[in-house]
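2 protein chains.
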Amino acid sequence: MLAATALNSQLIGQVNSRWKLLTPALVLDFDALERNIATMASWAMDGQHNLRPHGKSHKSPHIAKLQSQAGAVGLCCASLREAEVMAAEGIEGLLITTPLAPDKAPLIANLVHAGADISVVVDHVDLVAAYGAAAEQAGVVLSVFVDLDVGLGRTGTPSARVAVELAGLINGHPALQYAGVQGYMGHLQHVDDHAQRRERLGRDSRDLQNIVDALVKANLPPDIITGGGTGTHRLDGEYGTIGEFQVGSYLFLDVQYLTVQQGKLGEQPYEPSLFIQTSVVNINHSDYAVTDAGLKSFATDGPPPLIVQGAPKGATYRYMGDEHGAIGFKGSNDIMALGDKVECLVPHCDPNVNLFDYYHVVRGDTLVDIWPVAARGNS
Amino acid sequence: MLAATALNSQLIGQVNSRWKLLTPALVLDFDALERNIATMASWAMDGQHNLRPHGKSHKSPHIAKLQSQAGAVGLCCASLREAEVMAAEGIEGLLITTPLAPDKAPLIANLVHAGADISVVVDHVDLVAAYGAAAEQAGVVLSVFVDLDVGLGRTGTPSARVAVELAGLINGHPALQYAGVQGYMGHLQHVDDHAQRRERLGRDSRDLQNIVDALVKANLPPDIITGGGTGTHRLDGEYGTIGEFQVGSYLFLDVQYLTVQQGKLGEQPYEPSLFIQTSVVNINHSDYAVTDAGLKSFATDGPPPLIVQGAPKGATYRYMGDEHGAIGFKGSNDIMALGDKVECLVPHCDPNVNLFDYYHVVRGDTLVDIWPVAARGNS
Numbered sequence: 001m002l003a004a005t006a007l008n009s010q011l012i013g014q015v016n017s018r019w020k021l022l023t024p025a026l027v028l029d030f031d032a033l034e035r036n037i038a039t040m041a042s043w044a045m046d047g048q049h050n051l052r053p054h055g056k057s058h059k060s061p062h063i064a065k066l067q068s069q070a071g072a073v074g075l076c077c078a079s080l081r082e083a084e085v086m087a088a089e090g091i092e093g094l095l096i097t098t099p100l101a102p103d104k105a106p107l108i109a110n111l112v113h114a115g116a117d118i119s120v121v122v123d124h125v126d127l128v129a130a131y132g133a134a135a136e137q138a139g140v141v142l143s144v145f146v147d148l149d150v151g152l153g154r155t156g157t158p159s160a161r162v163a164v165e166l167a168g169l170i171n172g173h174p175a176l177q178y179a180g181v182q183g184y185m186g187h188l189q190h191v192d193d194h195a196q197r198r199e200r201l202g203r204d205s206r207d208l209q210n211i212v213d214a215l216v217k218a219n220l221p222p223d224i225i226t227g228g229g230t231g232t233h234r235l236d237g238e239y240g241t242i243g244e245f246q247v248g249s250y251l252f253l254d255v256q257y258l259t260v261q262q263g264k265l266g267e268q269p270y271e272p273s274l275f276i277q278t279s280v281v282n283i284n285h286s287d288y289a290v291t292d293a294g295l296k297s298f299a300t301d302g303p304p305p306l307i308v309q310g311a312p313k314g315a316t317y318r319y320m321g322d323e324h325g326a327i328g329f330k331g332s333n334d335i336m337a338l339g340d341k342v343e344c345l346v347p348h349c350d351p352n353v354n355l356f357d358y359y360h361v362v363r364g365d366t367l368v369d370i371w372p373v374a375a376r377g378n379s
Numbered sequence: 001m002l003a004a005t006a007l008n009s010q011l012i013g014q015v016n017s018r019w020k021l022l023t024p025a026l027v028l029d030f031d032a033l034e035r036n037i038a039t040m041a042s043w044a045m046d047g048q049h050n051l052r053p054h055g056k057s058h059k060s061p062h063i064a065k066l067q068s069q070a071g072a073v074g075l076c077c078a079s080l081r082e083a084e085v086m087a088a089e090g091i092e093g094l095l096i097t098t099p100l101a102p103d104k105a106p107l108i109a110n111l112v113h114a115g116a117d118i119s120v121v122v123d124h125v126d127l128v129a130a131y132g133a134a135a136e137q138a139g140v141v142l143s144v145f146v147d148l149d150v151g152l153g154r155t156g157t158p159s160a161r162v163a164v165e166l167a168g169l170i171n172g173h174p175a176l177q178y179a180g181v182q183g184y185m186g187h188l189q190h191v192d193d194h195a196q197r198r199e200r201l202g203r204d205s206r207d208l209q210n211i212v213d214a215l216v217k218a219n220l221p222p223d224i225i226t227g228g229g230t231g232t233h234r235l236d237g238e239y240g241t242i243g244e245f246q247v248g249s250y251l252f253l254d255v256q257y258l259t260v261q262q263g264k265l266g267e268q269p270y271e272p273s274l275f276i277q278t279s280v281v282n283i284n285h286s287d288y289a290v291t292d293a294g295l296k297s298f299a300t301d302g303p304p305p306l307i308v309q310g311a312p313k314g315a316t317y318r319y320m321g322d323e324h325g326a327i328g329f330k331g332s333n334d335i336m337a338l339g340d341k342v343e344c345l346v347p348h349c350d351p352n353v354n355l356f357d358y359y360h361v362v363r364g365d366t367l368v369d370i371w372p373v374a375a376r377g378n379s
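For the protein sequence lines, the chains are A and B, in the order given.
Take 1 as the starting number for the first sequence in UniProt numbering and just add one per residue.
Take 1 as the starting number for the second sequence in UniProt numbering and just add one per residue.
Some hints could be false.
Same chains, same names: a pair is fine if it fits in one copy or spans any two.
As the list claims (entries may be wrong) - Here are the computed lysine to any residue pairs in the SDA-like style, where the Cα-Cα straight-line distance is at most 25 Å:
(1) K330 / V125
(2) K313 / R234
(3) K20 / D103
(4) K330 / Q48
(5) K20 / G310
(6) K20 / N110
(7) K20 / H113
(8) K313 / K330
(9) K330 / G153
(10) K330 / P303
(11) K20 / L107
(12) K20 / Q137
(13) K20 / G139
(14) K217 / G172
(15) K330 / R318
(16) K330 / V162
(17) K20 / E136
(18) K20 / D126
To be clear, the hints were calculated from the coordinates, so they are not data collected in a lab.
When you get a sec, could you build the whole thing from the sequences and use the hints?
This is the structure we're talking about:
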């Protein structure tokens, strides 16, 4: 079975090869990626924060290693599969940030037994029991965080009382090690207005601090308080409760994050590095050209793709079914030619990466490498 | 690298194994799939229609072979990659139904040279030239259809005049063979109301017939008129212009197609066969449970997933980010337990299949096989 990588791999190193890719293709600007990684690492170093970036954004051991080289203390994963793939590539300090279905507990314990460095989170007594039994069975000690709900309403313990109860259960279990707490404020990452984000973060951070205080009072002080994201990390850093940051989207940005103000009004320390490249396949209409990238190439939960290169200024992108898009413009159909390459900023980076098998890594106009989206998929 | 198949493959043949899958998982009801294939084959046989089902829905050589065994004359593909994968598995009569970017022409010609049985479509003189040059270079004769725009406004020739021009160019080119025309009415597949669909189909079918008449008059009668889809095939069959049907979604149905009336009011000859199975991972809320299937497990361009099994009657599904969903219900959180398995009908089958690497094929409650979504991905 031939995959797209085989067809494009011969282009690596050729001048202008970025524009000879078979499309649709996921294109990663290596220079911009490196700048984003360095900027985040520098922020963390300045504030003495730890970074445990989230692998669910990139699903790539290549990128995990770049983050590790820049000083990250580990890598977050959102699924068993991501943890498996990253562990197989030697990535350490893995933290699965979502409570898993209890039937996955034995598989986690077996991975740890095989040498993987994986921690997990829990938010219910039944899951503590499942991990405890699995770890005992596998003959390992499993590192466990208590997942706290600090406003997102998704996973996490519903109160300080339950958090203390779970921390105590973990602490008292011979096959479990109490590692700390997780307080991820996913609901605040995309609050566009900086002042409003600061106000809401202050409120939810006080809730988080109150739970931490209750744990300290119960003689269960968390070693690590992990959380944060691209949208809030700088405010979290100022607030001071969170000590370890699960930032992910800063690597790529996307249309959604472009509107989130970082730091001072309008300041944005990170830059877009991830694009979908598509080709024009039909020019028979007077005010739009049809492309080969549709619902199977873009994450459709967010805003439409933003055209950044290859189309007339002001042109817009819309979906035309599973395999097609349309570039709308004012004027005649002489504007674009069959085969023209157009690059769009991805609407929402995490699910968009998940649609592709490969990153086409470029520096300027040259394809320099192809990296698999190795942890793509489910379970 | 361990993939989900390795973990679930040991369950094949075990009683009740459908409910032991690691989730999120794409589940295919083999009995329902077989009934759908048989029903469509029987309709085609009764009306002496040919079937060239669309592989973009399933991307699976396993399913392509089942369709072939039921009498299909070939298989449609939406991409170079799909054609490559299907050809490598020995599937014949492949038709790539979308005009490709011209830089893919040499790859198509090379596949034909290597023995693949692939036809293509064109809707522009430049693409005829690209295919002609590539076929000449590869020393093959490439079979080419003229793609007609009969109301969809996506690809296809804009007029009968251009259709005649392209058919003449193909017919006169030594390395190309004029195979017929394609008139796909994608814009009518989801017109829910049967009477309205019939009226609009009548209008666009007359346009198609007029182009065919112009080709006949120009001494370029199309051997094959290919088109149709799950939503219109029965009306197309009555109308009589289209002779070869590119039906795809009938295999699975989905939430979108459930509302499309087939034949008499409310009659639906096909049945849902494709589901996403997810597990409950959080029960800390009073009126919803959180699951492990979110934006990375569902096609989000359509309606929300429809819960069919495993949750209280009347429960609804909503997305809670990349990896999570929420099952909303009235009542207390005693209704669901951690690890409960819930199955949802997919919102839109084609892009939803594309998110997964494997079909988990079940008969009743037993996992009987695991099939790769072999042509998943892009290019």
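25 Å Cα threshold - placement of G172 relative to K217: Result: close within a single copy only, 17 Å intra versus 87 Å inter.
How would you label the pair K20, N110 (within, between, both, or neither) given a Cα cut-off of 25 Å? between (44 Å within a copy, 18 Å between copies)
One pair to classify: K20 and D126, alpha carbons no more than 25 Å apart. Within, between, both, or neither? Classified as between: cross-chain Cα gap 18 Å, same-chain 53 Å, threshold 25 Å.
K20 and E136: within-copy, between-copy, both or neither at 25 Å Cα: between (54 Å within a copy, 22 Å between copies)
For the identical chains here, do K20 and H113 meet the 25 Å Cα criterion within one copy, between copies, both, or neither? The answer is between: 23 Å across copies meets 25 Å, while 46 Å in one copy does not.
Please sort K313 with K330 into within, between, both or neither, judging by C-alpha distance up to 25 Å. within (10 Å within a copy, 50 Å between copies)
Intra- versus inter-copy proximity for G310 and K20 (alpha-carbon distance at most 25 Å): This pair counts as within: shortest intra-copy Cα distance 13 Å, inter-copy 48 Å.
Check K20 against G139 for me: Cα-Cα at most 25 Å, and say if that holds within a copy, between copies, both or neither. between (53 Å within a copy, 24 Å between copies)
With 25 Å as the alpha-carbon cut-off, assign the pair K330 and R318 to within, between, both or neither. within (15 Å within a copy, 38 Å between copies)
One pair to classify: K330 and V162, alpha carbons no more than 25 Å apart. Within, between, both, or neither? Between copies only: 24 Å across chains, 59 Å inside a chain, cut-off 25 Å.
If the cutoff is 25 Å on CA atoms, where do K20 and Q137 land: within, between, both or neither? Let me know, please. between (53 Å within a copy, 20 Å between copies)
What label fits K330 with Q48 when the C-alpha limit is 25 Å: within, between, both, or neither? neither (51 Å within a copy, 46 Å between copies)
Of the numbered hints given earlier, the model fails hints 2 and 4; all others are met.
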